[in-house]
Structure formats: structure tokens, C-alpha cells
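Asker: One-letter residues, chain by chain:
Protein chains: 2
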Amino acid sequence: MSLHDSHTDTLAPYRAMIETALVQALDEFREPHCLYDPVHYLFEAGGKRVRPVLTLLACEAVGGRAEHAVPASIAIELLHTFTLVHDDIMDSSMKRRGRDTVHRKWNTNTAILSGDVMMGMAMRLLLRSAEHAPRPLDVVDAFSTGLIDVCDGQALDMEFMLRSDVKADEYFMMIERKTARLLETSVAIGASIGGSDPDQRDALQRFAREIGLAFQMQDDILDVYGSEKFGKARGGDIIEGKRTWLMLECCDRVENAPHSSERDRQIAAMFRAGRPLTAEHVDEVIVMLDRHGVMDAATSIVERYTHSAYEALLSLPTSASRDRLHDLASSLMERTH
Amino acid sequence: MSLHDSHTDTLAPYRAMIETALVQALDEFREPHCLYDPVHYLFEAGGKRVRPVLTLLACEAVGGRAEHAVPASIAIELLHTFTLVHDDIMDSSMKRRGRDTVHRKWNTNTAILSGDVMMGMAMRLLLRSAEHAPRPLDVVDAFSTGLIDVCDGQALDMEFMLRSDVKADEYFMMIERKTARLLETSVAIGASIGGSDPDQRDALQRFAREIGLAFQMQDDILDVYGSEKFGKARGGDIIEGKRTWLMLECCDRVENAPHSSERDRQIAAMFRAGRPLTAEHVDEVIVMLDRHGVMDAATSIVERYTHSAYEALLSLPTSASRDRLHDLASSLMERTH
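Which chain is which? The protein sequence lines are A and B, in order. In this text, residue positions in the first sequence follow my numbering: the first is 1, and each later residue adds one. In this text, residue positions in the second sequence follow my numbering: the first is 1, and each later residue adds one.
Quick caveat, the hints were computed from the structure, so don't treat them as lab data. On a predicted model such as this, the values are computed, not experimentally measured, just so you know. Possibly wrong hints are sitting among the right ones.
As the list claims (entries may be wrong) - Mimicking DSS-like on lysine-lysine, the simulated pairs with C-alpha atoms at most 27 Å apart in a straight line are:
(1) A:K48 - A:K232
(2) B:K105 - A:K242
(3) A:K242 - A:K95
(4) A:K105 - B:K48
(5) B:K242 - B:K232
(6) B:K105 - B:K167
I would like the entire structure built from these sequences, with the hints used as guidance.
Answerer: So, in C-alpha cells, the structure goes:
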């Protein structure tokens, strides 16, 4: 996730807190080098720290002190980074943020084990924040739910690639866990540390979940057209056969519409069967997505989720942190424009 | 780890509690099947549940109720099993307890992800016990230390295989983390749930650590001679080039003794350089280990650690659970005879 610059000023102090604490936290873990060098490498790559910022802001938005949530916010970033390292092995990805992935730069065994230890590091940091929470075990509980659901989501994503009968609705079930849950966990943990009441915590979680769903859907839309800025080829997901809502919904519409062309039916059948679509198919698929109204429908879904996410924020008391949560969300979503 | 039958009667009720709770706990995790089927498969294989039994006994030995520690004891077994699944990938092991390993029966991606989710499952179960502890976060802290140190130990083990200058003492540093720490974590968690004072907890940890070291050293000794009962070939570790204390100490002695034969020096140099020793070398190596007094020294070390472990137990108040901890340890160590 990348942030537009215009909104980042109010968030800069939070990022600074996070980076300082991150350097300190990682410094406790140096040896064995073969285990921790990859961890340091991963964090040297930087990043916008969206999830840790969410944790700090959620904590403040319910009346807590951001400093108390700093170690937990780093725990969340470790959890997120752990999922990236292991996902990159599973997806055989060679690059991440323009640098070699850990399993490529070192090897698969190192990537497995360095990912694993990051879970332990994360738990230890989490505890430093949990002791400030009125109900400390809620913090750990939210973390464990995040971990379980992210694994569920990744498993569903892999399973979908092997199935020819995935329904468009199943896509939401998958990204809710794989993408949105970690954002939800980020605010849930911040809220617990800040001593939130259940309603505020629910509102924050709805905000994070819906921004997560909107963001992922929009990411899928952007992927269709590609992005020079983000170095992404046009139709990358299409060529990879990814089970995005766009493609699943398009197949549904093609299969059910009486006016669908033979060619559309042929392409839908290829996709369903997991037969590879190539770069040559991408333009045809884009036309097909437009003609069947899928791109418009997807844009509406993004707008609906984004609107609903902002609405959830309104049930929180007015505060600078609440405004910053809005800023953070809109900077994430600005990538459409 | 396997237990001799003669001591298991007093432990059977604990194992029964564990098995019942394990079935219930796993039943909450069914879908996605591609994620949880391997987890069920792993636990269907059974096992002596040494670590969970340690947790329950430690809890009782400090005056707590074993029922309170049951979920945590399953968390420990999940942590242990998670390390086995990932270690089996790293070691390319094809069999575990006579059955196909997960990465062989399914695939590496499934084995990575199923291992990962077991951490989340473990954390969730841990919390159910932690709420009974006077200091709940101590329970989570002990767990995170266990996870970190087991990863450290596995990393050191892998690193040792690539180094020609490993010292005999470094072996203890490695197995203390890779093998002993999880036993230590098992009792530390039980003690915390039972409301232990720091001295009792320290005594239990010393007991578990020293039994762990004794057990691993003895396992290394048994490996040299092989075991029909456990289906282990003679000198398996020697052929694999494992950096056991036996081999490291033997190399030290060979290199430093003026009377060492050329052949002994040659074999030591091959081992140091990581050049493969074959089944044909095993008999020669066994003679060498004996001639340089390494087997006798190793047996003394096992005895010293075992004795010291039992001594640690004596600082706990007399109780049936304390006796059962002794039983559990001696059943583990009976494999020598």
C-alpha cells in the first residue's frame, strides 16, 4: 500500500515514532545472523507503515496514549511482514518493493525460519503494549485472530486457483480475511490498548475492514489497466489467472447473459478451467469487462465501501485522531484518481 | 520422545485430559480444508504428549489446578508440532513417526501455511489458560520466548552444518534452545498458570532444561549405535554430518592428542570440512569415539544432567505431581538401559 503525499503531513509524527521504535526493537535481535539478517533486510526496505499508524490512531481515537500502543504497532508490522515473506515463497515471487525476496536472496529455509521467528518477536512486543490495556488478553486475542484469519485467507486464495467453480461472493470472503482482517486487527489492538468500549472498537473495525475491502478491490481494478507509477504490467492478475471479483463476476455475467458472444464464452471457459490467458488476451478481456458492466459495478462497490467506512468513523467522538484516520484512508484510496 | 511403559500409569489420566481437549480444540478448525486437514493429520498420528503433560504437572506441583492448564498444554503441543512441520521441510525429511511428512503428503506451501496457522491456534488456546493465571501476560511471555528460542536453535543447527569451526561447547548452546527450551517453556507456563512463586518456577525450569539436555545427549548416543526398536539406522547422525557434541568433542580430542593416528585425523578433517562420511565409516567412527573416551564422557554428562534435574525437583514441596514429574523424566531417560 502506498500513500499519496498530500495527506502525509499529519501522519509524519506517527511514522517517526514507529521508525524509531522499530530500530530499537530490531536491535535486540541480531544473532544468529542467518536468522535475523533477513528480518533487518526486510525492514530496511522501508514502507508506509499503514497498519502501525492505524494502531496508534485507533488508540488515540478512543482516548488512549499513542506511546502505549507503539510496541503493539510494531508487532502488527512484524505480523504483516511475516505474511509477505511466507506468501512470497508460496507464490514464487522474486521481487518485493523492487528488491529480491528473502527466499531468493537467501533461500527457502531461511525465509521460512525468519518468518517464523518474527511471530515470536511480534508476541513479545505485543506484551509491552498489552500491559497498558485495561483488558490485556483482549490485545493478544485480537492478534491471534488476525494471524489465524490471514492464514485462512491465504489458503482460500491458493484453493481458488485450483477450483473452476469459485463464486464472485467467495472473493469477498477471501479478501476479508487475507487483506482486510489485518487492518481490522490493527485498529482492534489500538482500541483495546486505549481502553475502548465495545461500540467504539466495533466502529473502528468496520472502518478498517471496509477500507481494506475497498482498497483491495481498487487494487484489482488498477491492476487491469496496469500502472507505470507502481511498475505493474497491464493485466498482471488476468495473466496469472487470479480469482478476482472482476473476473469471477464477468464469467458469471457472460455465462448467464443470452447475448454473450461465442468468444466471450470461450474466454470465460478458459479462465474457469485455469487455462492460461496471455498478454494477447488482456485487451480482449478489458473490453469484455467493460461491455458486461463489470468495471462500473466494481467502481460502485469501491465507492460504497469507502463511503460506509467513513460513516463508521462518525460514530466516534470528534478528535484530531479521527480526522487522521480519515486522512489515512483517503490517501490510500487516492490511487484511483 | 518416547516413554517406557512402566511409568505411564500415573500419567495416563493427564494424557486422557489432553487427548479429549485436543480433539475438542481441533474441531473448531475445519475449513479451509487445505489448511486444516494437515493439522488434523498431524495430531491423528498420536504421540506421548510429553510437553503438555509437563505443563499440567508443573501447574499442579505449584498448587494450581491441572484443568486450568489444559488449553495451554495443547498450545504447547501445537507449538512443538509447528516446529516439526517446518523443520521437516528444512531438513527434507520424508517420514515422521512412520508416516509421510506434511510437505510430502501435500506440498511445501501447504506445510508452511498449516504450520503458520498452528501458531495462531496455539495463541488462542493459550489465552484460555492465561486468564486463570495471577499474572496472565507471564504465560504469553514464556510462550513467545519459547518460540523465539526454538527458531534460534534451529537456525544455529543449520548454521553449524555450514561451519567447519564449531566448538563442542556451542553444541550445548544450540540444543539448549532447540530441544530443551520447549520443555522449559512447558513447565514455565504450567507454573505461571498455577500461580508459582519465582523460585519454584526457576526450579521447574532447571529440571526441564536439564532433562532436555540429558535427553538430547542420550538421543545422540543412541543414534550412534542405532535402534531397531525406533527403526533408526546405526550412525544416522554421523552419515548426515550432524554437529553433535560427540563428533565435535571427538574432533577436538583427535586434533589435540599427540598420539592420534593419521586415519583418525583424516576422518576428523573430513567431518570438519563437511565432507560426507558414509555407512562404511560408521564402524571406524564408533571405535574412534570409544578410543578417545568420548562415549564415556558423554554418558557422564547425561548422568550429571539427569541427577541435577532430579535435584532441582527436590526444592519443590513434596506432592504426587512432583513424583510424577520424576516418573516422566525417568521414563524419558530409561531408553538408555
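Asker: Of the hints given before, which are not true for this structure?
Answerer: When the structure is compared with the hints, numbers 4, 6 turn out to be violated.
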